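Enquirer: Letter by letter, the chains look like this.
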Amino acid sequence: METSEQSTHLVVVIDVLPTTALLLDDGTLYEKWLNAIIAFCNSHLLLNANNKLTVIATGCEHNTIIYPVDREENGNETIPGQYPLFSTVTRVICSQIKQLVSKARYSLEKAERAEDIPQSLMAGAIGIGLLKINRLKSEVDSSRVAIVTACNDNSTLFNSQYMNFMNVFFTAQKMNVVVDACIAVSNNNYEQDINLSILQQGCDLTNGLYLKISNVSAFLEYLLWTLLPDAETRKKLLLPTQKKISYKAACFCHRNLIDIGYVCSVCLSSELITTKTQ
Amino acid sequence: MSTSSEDVLLLCNEVRHKKNDGILYLMAERIAWMPNGKDTFTISHKYEDIKMQKISPDGKPKIQLQVVLHNNETTTFHFVAAEGAKKQLQMRNEVKELLSQLLPKFKKKIPKELEAKNKILSDDPDLYQLYKDLVVSQIITADEFWTQLAPIRCPALVNILNISPPVTNKPGFASIASNHNQAQAVGISAAFLSDIKPQTDGCNGIKYNITTDIIEAIFRTYPAVKRKHFENVPHKISESEFWTRFFQSHYFHRDRVFTGSGSVKGDLFADCAKSDEHDVEKALRSGVNDPFVDLTYFDDCDYLNKLDELKRKDSVNDLNSKSGKNRDKEVSSGSSLLNANQALIKRFNHHSYMVLEASLSKERREDKINARQTNGNVKSLNNSHKERRLNESDDESDLDSVKVKKKRLLEKTHLEELNEEAQIDCSLFVNKGTKPLNITNKERYLVGPTPVTNNGYDSSHHNSYSHSDASSLFSSVRRQDAVVSHWKPLLSTCLTSQGAVTALSELSPGGALLKSSHSIVLKDVIPLDIQKELKQLYFSCNELFRHFWSCFPVTNEKLEEKLIQMKTTLERFQYTKLQPLHERLIKERCDSELTSHILSQLHIAYNKFTAWQAKRNTLVRK
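Residue numbers (the numbering used here), protein chains in the order written: chain A, 1 to 278; chain B, 279 to 900.
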């Protein structure tokens, strides 16, 4: 059994943008959410000794590979009885996120003004992840990307990165890399049918899963149940599927998702048709 | 009785059909049969529906005549005159003769068309189904089907059936099609001679069945035969005699098997071969007016001189055959095989020459002549030049030939697209109606949609939490920092069993997240025959819709007419096809919503039509 197991390289992209409803109350949900992600990373490493893990944090200014890191700070305090790798992963991710968040706060306060609606550089993060996957390609049997975000935004988010997203998704498709996305939304937002259309499209393109979860306190369960099995195993499982995925493209003029538009036959850019009804 | 209004050409008593005795009538336009003791025809075939007639072979006890229709139905008449076999035979032959005279009159164009149509329908099952749906159920007439619907699926039909192309909004396209129509006539199959299958009639004889089509083909392939036919047939020999002789003749057989069998005495076609040769010679003399092709250059055969030689040989051969079996060794021994091969190749060439000739339509030939004449005395010059070329070597001093040559060279070497001037001169492109691509913001095309600074962002989605203003962003960042800085990863507590159970129930089949995977697929619910019928319905309906919508914008009367007609057709379709299916779906308790899409399509079309009609009415009133 051991030998037949397929080793997997998992790239986890964590969106650490502060614009999330999880931070609203006392912040315990956000902590839970982060804990769930770390537990998920550990579970992945637990599955197979040859499994590889890369964690990328994406913010509005930087994309940072937070695991693995070149050098580890403040020693190696291990918890007795725990597999040292797990405690290392936990510690490293935790400290890196803390660093990033304080850095982001610092830089924002220094700038003293918010230029724009912040959005994480998600497409770039996935790109970095694909590069990492390509580098470790020879060491594992399969690779995949898992995007975890807690941003409670409407579907127009990321549209300005539309082109970049499409590029990375098609690259992933070409590389046979499955891209999953798991979006945590707060309870009061769940009713509204908010979907990150671009991520939906990407997951569908790469045969990945797209999940939207409101029950953040059980976030880990969802992750383990749906995103942990690799592409081979998933064939044997009954997993949530997407009903309708809108393949709307963003127009180049107003970055809106459009139903009908003009498409340039040369560069495939799409332009909005100005209709009276809109 | 309907006979009173028609001319009865022949009446045969005592003709049996399916064990019933009756009377056979041959009328001006149809053949009909009436059983004894009745006053109506139970069988009536129009002559144009009849593909052919067959007769029972001589010597069979039953004297019969069979009529084969175009739809391959057959009707057999049995002649049972009481006077005996002789009388029966005589009656049968009378009918046969009359029929064979009458049938070709009605057989001019229709059979070919019908055959082509038959073939198209059998080749294209979808079209056939469409035909069944629309024509057989009389939603549209067969004529409409062939002139309007079918040509779009099968453009070749326009040529085959010689019908005008369907009315389209693109007059340019239509005119091109019709031009093309004129440009090329349908050729003759290369195998038409071997397709005439002779039938042995038992006693050493061979029977050829030839039709008008075959005769036409023969005439086109062998103009010499046509000439002979023209000269001889009506007054000297009968039609059948002519063809018998043709098939017996050496001229015909040399095309099929190359045997040196002796020619039949008094061969009508003896000089045909010679006249062919004459044609070849003429073609050779006229030469090829193309400096890139030089036939005289081939060194394996000196065409011009050899031709004379061959002719001499032929004449010698003729002499030999006339003077008995005194064969001249010098001519026939060494070169007989070579001669045979050459003759074969010569005939191939002759055939190719004729095909090429035929492909040049009359108009083009006329154009050519005109072009030559506009060059003043060029024609005569040309001729003289050619003659000189025939006699001696090429005379390059001829100014005209140089001109022609230069023109051809220019044609061959000069490509307009590669013209340097055109490439450099951008204004030329503009003149040609093209526009240079003018990109105002190149970046947009390279990186995609750029963030728009004025807020396209809709904050109404966030009822409890809004961060669209900067202050809330600051606060959220601070908040995040505060939360994260106090965060201690305690993984053992991050999942409660209760939470896990609710998550699991959501992920189990039937749970909130797995609803979709459990839905029933429509494909498995609907019975197969209904699926098939629905598919067919869509196919037919879409075809009609396509025609309906192609009428817009209504620019001329023809389109108007078609539009109104298509509308009524659609209505008829709805009531004869869609309604029954809908009722059936309800009856069988299937999802009656299945037809709703087609219905909505129909309603959109009707709405469009009424809108158009209202608009037109107001225009007319004005």
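Do not take every clue at face value.
[Unchecked claim] Some residues of chain A that are not near chain B, with every Cβ distance over 12 Å (derived): (1) S7; (2) T20; (3) L24; (4) L34; (5) P68; (6) D70; (7) P80; (8) L100; (9) I213; (10) V216; (11) S217; (12) T241.
[What the hints assert, rightly or not] Between beta-carbon pairs, the in silico distance windows are: (13) S753/B / L131/A: 34 to 40 Å; (14) Y884/B / N176/A: 17 to 23 Å; (15) R850/B / K235/A: 22 to 28 Å; (16) N176/A / N350/B: 22 to 28 Å; (17) H62/A / S786/B: 17 to 23 Å; (18) K900/B / D259/A: 36 to 42 Å; (19) Y884/B / Q173/A: 55 to 61 Å.
Hint data in this document are derived by calculation from the structure and do not stem from the laboratory. Predicted model only: the values in this text are computed from it and were never measured. Cβ atoms here follow ideal geometry from the backbone N, Cα and C, with glycine treated the same way.
Enquirer: Please go over all the hints and tell whether each is borne out by the structure.
Expert: Each hint tested on the structure:
The beta carbon of S7/A is kept farther than 12 Å from every beta carbon of chain B, the shortest such distance being approximately 23 Å. Not every Cβ of chain B is farther than 12 Å from the Cβ of T20/A; the closest lies at roughly 8 Å, contradicting the non-interface assignment. Under the 12 Å C-beta cut-off, the non-interface status given to L24/A relative to chain B is violated; the minimum distance is some 6 Å. With 12 Å as the threshold on Cβ separation, the claim that L34/A sits away from chain B is violated: the shortest Cβ distance comes to roughly 6 Å.
Every beta carbon of chain B lies more than 12 Å from that of P68/A, the smallest distance being close to 17 Å; the non-interface claim holds. With a cut of 12 Å on Cβ distances, D70/A stays outside the contact zone with chain B, its closest approach being about 21 Å. No beta-carbon of chain B is positioned within 12 Å of the beta-carbon of P80/A; the least distance is around 14 Å. Residue placement check: L100/A does not keep its beta carbon more than 12 Å from all beta carbons of chain B (closest about 9 Å).
For I213/A, the shortest C-beta to C-beta distance to chain B comes to about 8 Å, within the 12 Å cut-off, and the non-interface label is violated. Non-interface call for V216/A relative to chain B: violated, since the shortest CB-CB distance, roughly 9 Å, does not exceed 12 Å. Look at S217/A: its CB is around 5 Å from the nearest CB on chain B, not clear of 12 Å, so calling it non-interface is violated. Listed as a non-interface residue, T241/A fails to keep its Cβ farther than 12 Å from every Cβ of chain B; the least gap is roughly 5 Å.
Between S753/B and L131/A the Cβ separation comes to about 35 Å, which falls inside the hinted range of 34 to 40 Å. About 51 Å separates the C-beta atoms of Y884/B and N176/A, a value inconsistent with the hinted range of 17 to 23 Å. Remark: the range hint 22 to 28 Å for R850/B to K235/A is contradicted by a beta-carbon distance near 51 Å. At roughly 58 Å, the beta-carbon separation of N176/A and N350/B lies outside the given 22 to 28 Å, and the hint is violated.
At about 40 Å, the beta-carbon gap between H62/A and S786/B misses the expected band of 17 to 23 Å. Distance hint check for K900/B and D259/A: the Cβ-Cβ separation is about 38 Å, which falls inside the suggested range of 36 to 42 Å. For Y884/B and Q173/A, the hinted distance range of 55 to 61 Å is not satisfied, since their beta carbons lie about 45 Å from each other.
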